[in-house]
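Chemist: Starting from the known structure of chain A, fit chain B onto it as the hints suggest.
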Amino acid sequence: GEDVEQSLFLSVREGDSSVINCTYTDSSSTYLYWYKQEPGAGLQLLTYIFSNMDMKQDQRLTVLLNKKDKHLSLRIADTQTGDSAIYFCAETALKGAGSYQLTFGKGTKLSVIP
Amino acid sequence: GAVVSQHPSRVICKSGTSVKIECRSLDFQATTMFWYRQFPKQSLMLMATSNEGSKATYEQGVEKDKFLINHASLTLSTLTVTSAHPEDSSFYICSASLGRGGYQPQHFGDGTRLSIL
Numbered sequence: 001g002e003d004v005e006q007s008l009f010l011s012v013r014e015g016d017s018s019v020i021n022c023t024y025t026d027s028s029s030t031y032l033y034w035y036k037q038e039p040g041a042g043l044q045l046l047t048y049i050f051s052n053m054d055m056k057q058d059q060r061l062t063v064l065l066n067k068k069d070k071h072l073s074l075r076i077a078d079t080q081t082g083d084s085a086i087y088f089c090a091e092t093a094l095k096g097a098g099s100y101q102l103t104f105g106k107g108t109k110l111s112v113i114p
Numbered sequence: 001g002a003v004v005s006q007h008p009s010r011v012i013c014k015s016g017t018s019v020k021i022e023c024r025s026l027d028f029q030a031t032t033m034f035w036y037r038q039f040p041k042q043s044l045m046l047m048a049t050s051n052e053g054s055k056a057t058y059e060q061g062v063e064k065d066k067f068l069i070n071h072a073s074l075t076l077s078t079l080t081v082t083s084a085h086p087e088d089s090s091f092y093i094c095s096a097s098l099g100r101g102g103y104q105p106q107h108f109g110d111g112t113r114l115s116i117l
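If you're matching them up, the sequences are chains A and B in order. Letter 26 of the first sequence, counting from 1, is numbered 26 in my numbering, and no numbers are missing. Letter 79 of the second sequence, counting from 1, is numbered 79 in my numbering, and no numbers are missing.
There may be inaccurate statements among the hints.
Here are the simulated DSS-like cross-link-like pairs (lysine-lysine), alpha carbons at most 25 Å apart as the crow flies [to be verified]:
{"no.": "1", "chain 1": "A", "residue 1": "67", "chain 2": "A", "residue 2": "56"}
{"no.": "2", "chain 1": "A", "residue 1": "36", "chain 2": "A", "residue 2": "70"}
{"no.": "3", "chain 1": "A", "residue 1": "36", "chain 2": "A", "residue 2": "106"}
{"no.": "4", "chain 1": "B", "residue 1": "41", "chain 2": "A", "residue 2": "109"}
{"no.": "5", "chain 1": "A", "residue 1": "36", "chain 2": "B", "residue 2": "41"}
{"no.": "6", "chain 1": "A", "residue 1": "70", "chain 2": "A", "residue 2": "56"}
{"no.": "7", "chain 1": "B", "residue 1": "14", "chain 2": "B", "residue 2": "55"}
{"no.": "8", "chain 1": "B", "residue 1": "20", "chain 2": "B", "residue 2": "66"}
{"no.": "9", "chain 1": "B", "residue 1": "41", "chain 2": "A", "residue 2": "106"}
Worth flagging that the hints you see were computed from the coordinates, not collected in a lab.
Isolated chain A, as found in the complex:
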């Protein structure tokens, strides 16, 4: 079945850039997403990229997609302590009966050191 993998932990110093990586296996993925989850809360959609795009930038966030290698990354520039959270990579593809479902990675816990 489909699989989404990401490293579990990342630690960076405040002001540095953070890069969170993700790999996926489903070649029919149409959209790829990054969600942020703070402790005890739901998921906040940060950004998403269509599978025919290579890059998308939105303020401090840059998403890079290498479709050939099925590799997605999220770069956070000038990382702040408020960026400390768990970041989930997710992909969506057409499943049976015409429905789209999200498949999530296990999440990367980003810790920002002041």
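Modeler: Same frame as chain A, now just chain B:
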């Protein structure tokens, strides 16, 4: 925009109780709503997908008689955990999408922490 409200945020109850969780899309009409379960330090596991006015589609291994889903309107879906037991304790999160999920991202509620004693 795209705000999803989920209530209650936390429930503690005795074994055998049925618990209802509501998921509302506040500023858009959600064609499709999704219910997930998240175990500690784990990813989200999709439980079921519901489309307004039709029966929910459950993932393999999820008991539909145990987890009743009603999607009565384009802004409200409910999940009822019937006769809850301690093993049902978990973090339940709903999401809502304008479309059938492919070209519209899912927007998530804040989750419900369910603890069964």
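Chemist: Each of the hints needs a verdict: does it hold here or not?
Modeler: Hints and how they fare:
1. For the hint linking residue 67 of chain A to residue 56 of chain A, the alpha-carbon distance of about 14 Å falls within 25 Å, and the restraint holds.
2. The suggested pairing of residue 36 of chain A with residue 70 of chain A holds, with an alpha-carbon distance near 21 Å, which does not exceed 25 Å.
3. Restraint check for residue 36 of chain A and residue 106 of chain A: satisfied, since their Cα atoms lie roughly 12 Å apart, inside the 25 Å limit.
4. With a C-alpha separation of about 10 Å, the suggested pairing of residue 41 of chain B with residue 109 of chain A holds against the 25 Å cut-off.
5. Pair hint residue 36 of chain A plus residue 41 of chain B holds up; C-alpha atoms about 14 Å apart against a cutoff of 25 Å.
6. Under the criterion of a C-alpha separation no larger than 25 Å, the hint pairing residue 70 of chain A with residue 56 of chain A is consistent with the structure, at around 16 Å.
7. The straight-line distance between the Cα atoms of residue 14 of chain B and residue 55 of chain B is roughly 29 Å, outside the 25 Å bound, and the hint therefore fails.
8. Pair hint residue 20 of chain B plus residue 66 of chain B holds up; C-alpha atoms about 12 Å apart against a cutoff of 25 Å.
9. Distance check on the hinted pair: residue 41 of chain B and residue 106 of chain A sit about 8 Å apart at the alpha-carbon level, within 25 Å; holds.
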